[in-house]
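In the order they appear, the protein sequences are chains X and L. Residues in the first sequence are numbered consecutively from 189, following my numbering. Residues in the second sequence are numbered consecutively from 8, following my numbering.
Just so you know, the hints here were simulated from the structure itself, not pulled from any lab data. Owing to the predicted nature of the structure, the values given are computational and were not obtained by experimental measurement. We put the CB at the ideal spot given by N, CA and C, even for glycine. Certain hints may be false.
[Stated by the list, open to error] Here chain L is said to cover these stretches of chain X; the calculated rule only asks that three of the stretch's residues, wherever they fall, bring their Cβ under 8 Å from a Cβ of chain L:
id : stretch
1  : 244-257
2  : 370-378
3  : 395-401
4  : 467-479
The chain contents come next:
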Amino acid sequence: MKSMKIAAVVAGVFASATVYAQALVKIDGSSTVYPITEAVAEEFQKSKKNAIKVTVGISGTGGGFKKFCRGETDISDASRPIVKKEMDACAAAGIKYVELPVAFDALTVVVHPSNTWAANMKPEQLKVMWEPAAQGKITNWKQVDPSFPDLPLKLYGPGADSGTFEYFTEAIVGKAKSSRGDYTASEDDNVLVQGVSRDKGGIGYFGFAYYIENAGKLKAAAIWNGKKFVAPSAAVVEDGSYQPLARPIFIYVNAKSLEKPEVKEFVHFYMKHGAKLTQEVKYVQLPAKIYEINSGHVNKMKLGTVFGGVPEVGVKIDELVKREAK
Amino acid sequence: MDIEQKLENIRGIIVRAKRWDLFFTLLGILSLMVGVLTFTILFVDMAIEGVPRLSMDFFTSFPSRRAANAGILSAWVGTVLVMLLTALAAVPLGVAAGVYLEEYAPKNWITDIIEINISNLAGIPSIVYGLLALGLFVYYFGFGQSILSAGLTLALLILPVIIVATREAIRSIPQAIHEGSYACGATTWQTVRDHILPYSSAGILTGVILGMARAIGETAPIITIGALTFIAFLPPAPFTGEPPAGLFDWIFAPFTVMPIQMFNWTSRPEAAFTVNAAAAGFVLVFMTLAMNGLAIYLRYRLRKNIKW
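Required output: the full structure, derived from the provided sequences and hints.
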């Protein structure tokens, strides 16, 4: 009799594991997109008087997609488009999704404030510094360009797991994750800020938001976009001239989750208030009409990715949302 | 002359011995200071930055994008609940295993292998426990990314510490107590229940606290099993739901813990979040201190009952 009771309790305990399936929006993924999604989640919960619960995790873009393609999350934060391997995993599990760009992420190349020679940089010069062949060889500014002073070159950048690293190598070196290894790497961007701001020969790269917060200690290099040198700012990122170091970042919404009213409501809330909240967390918003187009995509359930699993550099945002899924 | 010489020699030996004594005292103090000073400097630095940020609101607010409104409510509640489950799982298992190894296990090579393995377990990086737990608890047992998974993971992590501490505590009981008990005709279980456990409980408690203090600061295994970063609601209060199943709703709730909240805050661009992280760190150290304080108090109470 007693053992029956215990069995009933145990069974009951495990049955209750499903309690959290209700009125809960589960989000996971990139740490780059996190601040925006967090802000939206915070406001959304407030506006719903906490009737709908939202959780946001940070597993990285890749880790987020792993969970997403197992059907564990409703929305995945991604600092890059979904790649072929992840598309296959989702397809195998029967997971369909809507791809929505939500903001720009601009990479900023920063140098020491006293650095006068590297105010304007061309992607080719950055490639000379960062490509794998430079390892152990390019150790002085003079080697990058003869007009640069004779000063040791000290490189600072994010670690190999970060989406920022992936995009920078893709845009500058030409192949994702292809970089020299002998630089000061840290997943904590504040460490990179400290490093470059104390090192006369230092150069590094990280997200625009970190530069804005530390603009007094650092100098941002203007980057050659093929026509002119462009210094990073919200305006040039938004109008698409800060290339190749600006990219859109995304959320991916599980199509089946969109049938749940709370998820649908959350996504529409994201598109309605995303621009304002993006600015608030120091990211660069997309043009206003893009958010409207996104909302339309959600209503029409435009499935799939427009990238076809291949990363792209220098893509224009208004072109992107008009494309058909590949 | 001869005696004078010998006396001189002996004095020399004494002086040298005293010098060595002093040397080792200084070395000992220095070694102690490396640890104590490092901790003190870190703690004071953190306290200076973080304490002004502490307020009632800090404990009763959820995380927020605005540093000034952000608080640690979901984090500290999560930490407390995870620790509760960790203790519930690890203490009975660890103590039982320790008692078995000391009192019951036959002395043979199987026992030796188990002992070596337990010592080795204590040195395994915590991320490995996280990966094991991800496969076992989260997916295979289907506990999901819940307080239960986290509590069990940390319980595994500190199990070796508790087992070793239990064994040490039992060994420090005089052999005469064992023998006296057996001589009176007590069975092994009676001996364990009436003598071994009561007398070793102070030592066991120390081990439990050491283990818990390690577990409270762990981030890697908790992130691996899927603790969240933004969570602006609390699990249902323990044991308040509809019985019988509702009583355990809380152990399946999604959660976050203090170290994760701190880590997230330190990696944000706005400097104001660093202050939050320092404040959260101060609270975390304080929680550990409180746990230690409780242990010292309990140990003192328990020792009073030991009559030998």
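Consistency of the hints with the structure:
Chain L is given as covering the stretch 244-257 of chain X, and this holds because 5 residues of the stretch bring a CB closer than 8 Å to a CB of that chain, at least three being needed. A stretch counts as covered by a chain when three or more of its residues have a beta carbon under 8 Å from one of that chain; for the stretch 370-378 of chain X and chain L the count is 4, and the coverage holds. With a cut-off of 8 Å between beta carbons, the stretch 395-401 of chain X has 5 residues touching chain L; three or more are needed, and the interface restraint holds. For the stretch 467-479 of chain X, the stated coverage by chain L is satisfied: 3 residues place a CB nearer than 8 Å to a CB of that chain, which reaches the threshold of 3.
Consistency with the previously given hints is maintained throughout, with no hint failing.
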